[in-house]
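Build out the structure end to end from the sequences listed, making use of the hints.
There are 2 protein chains.
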Amino acid sequence: MEIIIDIDDPVPLFSQLMEQIKQAVLDGKIKAGDALPSIRQLANDLDINSKTVAKSYRLLERDNVIQTKGYRGTFVHPDAKVNSMIDLNTTIFEHLSKVIEVLRDRGATDSEIRIAFGTVMNNRKD
Amino acid sequence: MEIIIDIDDPVPLFSQLMEQIKQAVLDGKIKAGDALPSIRQLANDLDINSKTVAKSYRLLERDNVIQTKGYRGTFVHPDAKVNSMIDLNTTIFEHLSKVIEVLRDRGATDSEIRIAFGTVMNNRKD
DNA sequence: ATATGTACCATGCATCATACTGGTACATAT
DNA sequence: ATATGTACCAGTATGATGCATGGTACATAT
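Chains P and R supply the protein sequences, listed in that same order. Taking the working numbering, the leading residue of the first sequence gets 11, the next gets one more, and so forth. Taking the working numbering, the leading residue of the second sequence gets 11, the next gets one more, and so forth.
Partner residues aside, some chain R positions facing chain P, computed with beta carbon under 7 Å:
1. ARG72
2. ILE102
3. LEU106
4. SER107
5. VAL109
6. ILE110
7. LEU113
8. GLY117
9. ALA118
10. ILE123
11. ALA126
12. VAL130
The calculated EDC-like cross-link candidates involving lysine to aspartate or glutamate, where the alpha carbons are at most 20 Å apart (straight line), are:
13. LYS61(P) with ASP120(R)
14. LYS108(R) with ASP120(P)
15. LYS61(R) with GLU122(P)
16. LYS108(P) with ASP120(R)
17. LYS61(P) with GLU122(R)
18. LYS108(R) with ASP115(P)
Bear in mind the hints are in silico, worked out from the structure with no lab data behind them. Where a beta carbon is used, it is the ideal one built from N, C-alpha and C, also for glycine.
Below, the structure is given as structure tokens:
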């Protein structure tokens, strides 16, 4: 599995990593049950921080593309291939596009939309 | 019509101006058809940039609170009172809140939502 | 001449949130 | 001893954004 990280790419490192692992699954380069490099190992190889790799792994596990088994390491999820085709980001993009289109039609300024968005995101009431 | 602008107020100047004009309409201090000070005149009185006043006027016209008649000046909109009670920003906030709540429930990370949002905002296809 | 709204050019400043980094620590198990 | 994922503390830097500013110019009309 060859991973290439470009620090000059505007795409965040953790996103690049996620995409490439997903792609590797889709290409069949890694298959269900295969072991993935450990977080620290991969971070060392790619010369990036382990927290960044951990972030990618955490999100990939949320998407059921990989599975972590504690001290035993991380493995490709049984349904990885199917789940790699599902892109949550696409869903997010579509939902947001719809709303923003409506708001723009109502005359809302991009500036106003951005400000309101920031307000919503920073006011979590958990 | 007394307008008071506080440059130390964290609320943007153009927002302060919009709010006070709306409030003046609601209070009946200015009524439909009344003439408003010209952009340059008001900017001079308040000692702020004319572009800032122009911005407030532009947004107030979008909200149908005022009406500009080219070289003749700016006047209070016939339906100003009704439209002054409507706050577009509230609408924007509500729409965005709904969508974001849905996305979060689906497991979307704030990070992912923000990235997608940025993508949508920067990809206008007009 | 004077004044209206509007449009374009542009810049400085402050703010904010992200992404990334680093260090330390823990329970787990080999 | 070594390694796993995970968690907490924290700081930095980069970029994006909004706000406000300035100057100039135009067509319009009094």
